[in-house]
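Visitor: Listed in order, the protein sequences are those of chains A and L.
Okay, so the first sequence: first residue is 37 according to this note's numbering, each after it adds one.
Okay, so the second sequence: first residue is 44 according to this note's numbering, each after it adds one.
Because the hints were derived from the structure by calculation, they are not lab data.
Hints are not guaranteed to be accurate.
What the hints assert, rightly or not - Ranges between beta-carbon positions, derived for each pair: (1) Glu67/L <-> Gln482/A: 57 to 63 Å; (2) Leu74/L <-> Ser224/A: 55 to 61 Å; (3) Leu149/L <-> Gln477/A: 54 to 60 Å; (4) Leu278/A <-> Leu74/L: 16 to 22 Å; (5) Gly140/L <-> Arg110/A: 17 to 23 Å; (6) Thr716/A <-> Lys68/L: 54 to 60 Å; (7) Phe56/A <-> Ile135/L: 39 to 45 Å; (8) Ile65/L <-> Val97/A: 52 to 58 Å.
Yeah, the Cβ is synthetic: ideal placement off N, Cα and C, and Gly gets one too.
Take a look at the letters that make up each chain.
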Amino acid sequence: MNFDIQSAKNFQKIKTGKFFLGKFFKFIYYLSLILIVFCLLYLMDQYGAYYRTIFFPIVKVIFAFAILVPILDRFLVWYFTPEANLQSDNMAEGLSREMSEVVIEAIRFARENKFQSLEPILFLAAYEKSHDGKYMLLRCGFGLEKDASALISDAVSRISRTQSENQPLVSQNFVDVMQAAKNNALASSRNEISSGDILVGLIEKSDVFKQIMFEIKMEEADIKRVVEWHENLKEYSRKQSLPFWDKEGVGGIGRDWSFGYTPVLNQFARNLNNEVEFAGHINVYGRSNEIDEIERILAKSNQNNVLLIGEPGIGKQTIVKGFTERVIKGKTLPSLRYMQIFQVDTGALLSGSSESGEIALRIRQIFNETVRAGNIILFFDNFHALVSKNEGVGQVDTSEVILPYLNGAVKVIGATSLNEFHKNIEASPAVAAIMNRINVQEPSSQETVQILEEMIPHVEYRDQVFWPYQSLREVVRVCERYIQNKPFPQKAIEVADEISVDVAKSGGKIVFAKNIDELVSKKLEVPVAQAEGEEAKKLLSLEDFLHQRVIGQDEAIKAVASAMRRARAGVQSKDRPIGVFLFLGPTGVGKTETSKALAESYFGSEKNMIRVDMSEYQEQSSIYRLIGSPPAAGAEGEKGQLTTAIMDSPFSLVLLDEIEKAHKDILTLFLQVFDDGRLTDGTGRVINFTNTIIIATSNAGSELIRERVMQNQTGEALKKDLLDFLQKNSIFRPEFLNRFDEVVAFHPLSQDQIQQVAEFMLKSLSKRMLEKEITVEFTDSAVKKLASLGFDPVYGARPMRRAIQDKVENLLANRMLSGEIARGAKVTIDETDVV
Amino acid sequence: MPMPIALFYWWYVLKPKELLAIFEKLLKKELSFFSMDLLLKTLFLPWKRDEINTDNMSLQDKGRILLMNLVSRLVGAVVRSGTIAVGITALIATMLGAFVLMTVFLALPILSVVLIISAFSGR
């Protein structure tokens, strides 16, 4: 394989063609078209009167040339259009016309600058000649956020130069890039090497290009995706601009005049065939199995009803539209040709009447019309509302009415969620049995990117903003990681839509990844961006931040801070909670305070802490209070205290207080949470714990900790003894203890630390008093006395707050009320005041 | 391929092929639009499938309704036959149009040569 542009036929064609296809010939072409019209008019008008005059032969000649010139022009365009040949040994023969011009431009640039060799980086300099190439580079974010010109100049400056403007030699790296581009063209079943293939070749073989793309966070797979996206868009545009005879479709006047009227159905349903036909093309990614299955079921003579089961927003309607498109294009089994799919507005059908009899009559009319029409498939979104046992607003039980029709007379597609299926449809066993279930799975993140690719051009047109590929990828990343209460693709579509509007509103023209992070962070109140700048500094000094609230406990704070850094740097596993800790130690030493400080530092506020007192779950039956109970037929199940709280606030710190008191079965339940970050609640929903920090606290082993600390035994030795103690006394099972990221021993507080706790609390009191413009100071002896009063060997520093309330706050309140302390006063509390 | 031969090949082989392909698609489109196979299959079905069920009716009513149903079928057959006739006419018209267009297309270069010769020969 070689690359010789000079000997390539395409190159010759482009060179010669430039003369023939220039502006002069274009002018002659249009002039000829005008002359044809004039000559025709002249000949028709003057034929009799001026026959054989001098003008007549001249007009004939002009007419003849006017006919020949457009023919020749079209011929020359065809003749000089390069025809790529991917099978040739000379890879230059495989280049598209656009890429041939890019290469010619790169050679010109190399000669002008006296470069010795033709290097791949020169493609970037010549990409001005390629409309598609420029567009794809822009999609890659090239030149948008980060300036890559320094890298390019550096790479260009490293190319050796000669003294004269000779033809540059083609470097081996250039040939490698061309070979990779050719392979990609062949793999993608293209018949020429396009600008997209060259980009793939560059990312595979050019180190400089790789480095540039690395700077703008684009990897090989991303480049390939951008190329594919661009090709899809081109294909879509091509299909849109096809002449009517090239567009696929069946039916027409014959179809309309062979089937029946549906006046009542038309009031409550829309014709999806018309909608899809108008839209032109529906892209459905990764759903061909589901559409095949729908086709197979509907083509049957009996039990030809489909029930699509999947969470709302997962794409059930898109699947039906994909099936409709197949019907429109005649790409279905013969029995489904000429079919029309009507989407029934279930809400409208079941409303507007208080009489359930009237609704039943309506439904019967619709089904009768459908039977008579002979070519209609009914699609009911929220199918469960038709057969609900909980009759009420928008819900009736019409299973008895529709059942006779479902046995082959009418083809029905229903859509519902798994929860509604269990609750309503299973309660009508006959209906459940007659519907063929198709479970619709959530699309993967890669498929969601493809769905967004289809949507983004419309959003860009609407909001006049530009979406680089990185932003698209960021939407999917953020949604996958942080939004758990909605499925793909709905959550990604909603976020992309909102961000686009937001950027347009603020006058921006480009949607950057940081815009997405900012908006989602604001909405969810959690930092979603990769830790950078100020935040990174804050994370590095997280121990200091936690120590502002927690006195001592260096070991615990260090363990927690390390886990936090792992999480924010994106090192930790995404399929586990951010951190799972077991805090062991006596009461009042800072276990809860550490948890609160952590909630504040990570989730922005200590309010984002879900506290579960595990002593309330000592009975096995209490498990349902924690995770909820399953629904009985037709009735809602009980909501779980923990699972509901996590559903409402998925970004929280979960504090499992006094975990040792919970029933053993409940502890077993947490094994899965600690390991996989998920828990199936009583209603069958999977609750995601991957955005939580879980801290279990226990007083078990407090005495051991106290003894060992007295003996100056700390660190790993203490931890080992502690774990042995917990297992030997059957307090926790080994598999439970192994699930924690860290088992942290909280030491009893020393006298000094108690005094620091007192100082900390008094400082907080002083701050509150300062808001009332009263300055309160404490002498050292007063602090010492309060520290001794507020310390209890059993309860640690817990009585401190009470001591400060009793001895100081009461004193200040009394003096303020009696007028002894007024605004602007300065008060010093001494040991003698603390009585 | 030398340019004059390429010109001949392009105008008299490639382009006619393209035109024929377009005519073929046009004919298919028309066939699909009129769906004549479907109209034939459903030729004697009631118009818009509007038929009244005569179960549980008196003999007198039954007779009246059967007559109405017969009329509905007749209307259906007339409209569908008409549509089929229009469809066939459209197909023939398209084929004739295609033939004329193709003839003119092939004759255009010859016409220009004839024009030039006639101009110089003074006829």
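Visitor: Give a verdict on every hint.
Guide: Consistency of the hints with the structure:
no. : hint                              : result
1   : Glu67/L <-> Gln482/A: 57 to 63 Å  : violated, 40 Å
2   : Leu74/L <-> Ser224/A: 55 to 61 Å  : violated, 35 Å
3   : Leu149/L <-> Gln477/A: 54 to 60 Å : holds, 58 Å
4   : Leu278/A <-> Leu74/L: 16 to 22 Å  : holds, 19 Å
5   : Gly140/L <-> Arg110/A: 17 to 23 Å : holds, 22 Å
6   : Thr716/A <-> Lys68/L: 54 to 60 Å  : holds, 56 Å
7   : Phe56/A <-> Ile135/L: 39 to 45 Å  : holds, 42 Å
8   : Ile65/L <-> Val97/A: 52 to 58 Å   : violated, 32 Å
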